[in-house]
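**Q** Below are the chains, spelled out letter by letter.
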Amino acid sequence: MRILVLSAIALLAVALCPSKPPSWPVKVYRASPIQQQENCIQLGRALFYDPILSRDSTISCASCHSSYVAFTHVDHKVSHGIDDRIGRRNAPALMNLAWSKTFMWDGAINHLDMQPLAPITHALEMDEQLPHVLAKLQASRMYQRLFSEVFGDSLVTTERMLKSLAAFLITLESNRSKYDAVKRGEALFSEQEERGYQLFKKQCNACHTEPLFTNGEFENNGIAVHESDFGRGEITGVTSDSGLFKVPTLRNIYYSRPYMHDGRMARLSDVMLHYGLASFEPYASAEMKRMKPMNEEQRIDLTAFLLTLSDSAFVFEKKHQYPFKLYEEFGVKD
Amino acid sequence: MNGLLLIPLWFHSLIVCSQVNTHLVFVPQWHENPIPKDVFFSIGNTSDSLRISSLRVYLHTIQLESEGRVVWSSGKEHFLLDVFEKEPAEVVLATSELSKCDHISFVIGVDSMLQTTGAHSGVLDPIHGMYWTWQSGYIGWKFEGEELSAGQSTEIQWHVGGYRAPYQTKRTVRLKIGEVGDSIQCSIQIDQLLHDWRSIVPAEVMSPNDSAKLLADRFQTCFQIQQR
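Sequence lines, in order, name chains A and B.
Every letter in the first sequence is one number past the one before it in our numbering, and letter 330, counting from 1, is 332.
Every letter in the second sequence is one number past the one before it in our numbering, and letter 100, counting from 1, is 609.
These are calculated hints, taken from the structure and not from any lab test.
Beta carbons are placed, not taken as given, at the ideal position from N, Cα and C, and that holds for glycine.
Some clues are possibly wrong.
[As the list claims (entries may be wrong)] Here chain A is said to cover these stretches of chain B; the calculated rule only asks that three of the stretch's residues, wherever they fall, bring their Cβ under 8 Å from a Cβ of chain A: (1) 622-630; (2) 641-647.
[As the list claims (entries may be wrong)] List of simulated lysine-lysine pairs, DSS-like, C-alpha gap at most 27 Å: (3) A:K103 - B:K722; (4) B:K546 - A:K103; (5) B:K651 - B:K546; (6) A:K204 - A:K103; (7) A:K103 - A:K79; (8) A:K29 - A:K185.
Please put together the full structure from these sequences, using the hints given.
**A** This is how it looks when you write it as structure tokens:
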């Protein structure tokens with residue numbers, strides 16, 4: 003009886019305090035001591051959900067990155083921003099950002115701190131200017147208090163704002179899926195999931211490398227490139243980079259539809275069919291050309307495995323969600 | 510006893526107070542003539558004219574040399590010159606070694622390490638409008654103006670930056686000092702920057718590319734020390 007009770011307590015402890023599998027790489031982002039403080043994280047969270055960052059205070063980061071769908075813009079091929087302006091890319095899911103070296107589909111951003119500047123100033127997204135953002139925040143009673151609690155005074159600066167946002171963003175860690183439980187020895191794949199996993203390791207792991215399920219590099223996965231978007235090539239100016247896009251994580255893929263950099267594939271089955279046919283454009287990356295065709299049964303097995311990457315604990319984590327209480331306290335309207 | 514201690518302190522403060530800073534002053538010129546701010550001025554024998562609204566430049570690693578040896582360096586501290594907004598456009602160098610020096614050098618642009626290490630404050634704060642938000646990276650220097658030629662107006666906007674190969678635009682300028690007194694007047698020859706520009710670059714350069722590199726190469730040659 004005592005053994006049963008102790009085992010139950012141990013299992014509960016593991017469930018409440020999940021640990022990362024030892025095979026995870028070292029984080030790229032080095033958070034400062036201030037960024038690790040809860041009040042800094044909460045300041046970042048307040049900023050993330052606040053449309054004050056946009057020109058007309060209608061668009062927040064969360065407008066395109068919703069916590070309930072792994073911080074992406076579900077059911078939107080491409081996002082729409084201020085004045086309903088339509089962008090040209092699918093909003094990437096946000097998770098495990100501390101392990102990323104570059105951000106955006108084309109890797110335009112080389113440091114997490116600087117990421118928010120892009121949507122804040124983009125004409126199709128928030129269409130705001132940095133000095134005006136800082137002025138609005140400085141004038142806000144709520145932010146005067148929040149900045150003061152974190153930094154010792156209420157001065158709102160670019161650096162403080164960006165580092166606070168980063169402090170919140172790096173807390174978006176997804177590592178409690180069934181796959182992670184299997185890796186920790188706490189669960190087992192079904193036979194179908196196991197078959198899918200073995201297939202995954204042969205066909206997909208080169209680019210969607212465990213445990214992050216992305217190698218963080220830029221590849222061409224064999225879909226037709228539209229002339230309006232050359233991906234990485236637009237950033238580096240190097241011709242051979244044209245048509246390359248950042249390999250997205252497959253974690254929470256169940257939640258993050260539609261798929262591809264422009265959201266052209268509405269369903270996971272469309273993605274499976276694309277890879278399953280293994281008939282790619284000639285400019286596809288070398289890894290693509292090594293793929294073998296997959297029949298329907300194999301595609302279903304692979305899908306079953308990919309669904310084990312769903313982390314409902316992450317998706318429904320209250321600490322990541324809209325800060326109702328904080329906004330209520332200061333009368334910030336939804 | 511206290512009075513005796515005061516004497517060495519007095520000498521020390523005298524020495525400290527007598528240290529003279531060196532002023533490195535940048536003066537924009539057109540064929541060695543001063544350029545008025547935001548006003549059209551004639552740029553040739555024709556009726557062509559130019560108005561410059563902005564010239565902003567990041568500098569770092571300013572060094573003074575004597576016989577091939579660096580005798581003073583500003584280190585990695587960065588300076589942002591707003592040539593037409595703040596007069597004089599100068600950098601104050603905390604050294605009095607100028608009389609012993611024969612060369613000065615400085616780097617135009619932002620240090621590569623700072624391009625990839627996140628948000629910075631001070632002169633490197635993105636609020637100064639010298640950081641590309643659509644892709645990471647600082648604008649090393651920015652030239653904006655309007656040229657009137659044959660009755661046609663052309664807006665020139667050159668935002669020159671880039672830290673990744675093959676479009677790195679950081680450039681080092683090294684100049685002989687000669688007879689300069691206690692400050693260095695360094696002219697920026699805008700006529701050299703704009704000489705026949707239409708045949709080499711477009712009116713708008715807003716990203717790291719071949720045109721940015723060409724402009725960076727050219728801008729590097731525009732600096733001259735004005736001898737006393």
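**Q** All hints are to be evaluated individually against the structure, with a verdict given for each.
**A** Taking the hints in turn, this is what the structure says about them:
Coverage of a stretch by a chain is defined here by at least three residues with a beta carbon nearer than 8 Å to that chain's beta carbons; for the segment 622-630 of chain B and chain A the count is 7, and the condition holds. Only when three residues or more bring their CB closer than 8 Å to a CB of chain A does the claim for the segment 641-647 of chain B stand; here the count is 5, and the claim holds. Between K103 of chain A and K722 of chain B the CA atoms are separated by roughly 26 Å; this keeps the pair inside 27 Å, and the hint holds. Restraint check for K546 of chain B and K103 of chain A: not satisfied, since their Cα atoms lie roughly 42 Å apart, outside the 27 Å limit.
Our distance criterion of 27 Å between C-alpha atoms is met by K651 of chain B and K546 of chain B, whose separation comes to about 15 Å. Restraint check for K204 of chain A and K103 of chain A: the C-alpha separation of about 25 Å stays at or below 27 Å, so the hint holds. Restraint check for K103 of chain A and K79 of chain A: satisfied, since their Cα atoms lie roughly 25 Å apart, inside the 27 Å limit. Using a Cα cut-off of 27 Å, the hinted pair K29 of chain A and K185 of chain A holds, with the two alpha carbons roughly 19 Å apart.
Comparing the model with each earlier hint shows a violation of hint 4 alone; every other hint is respected.
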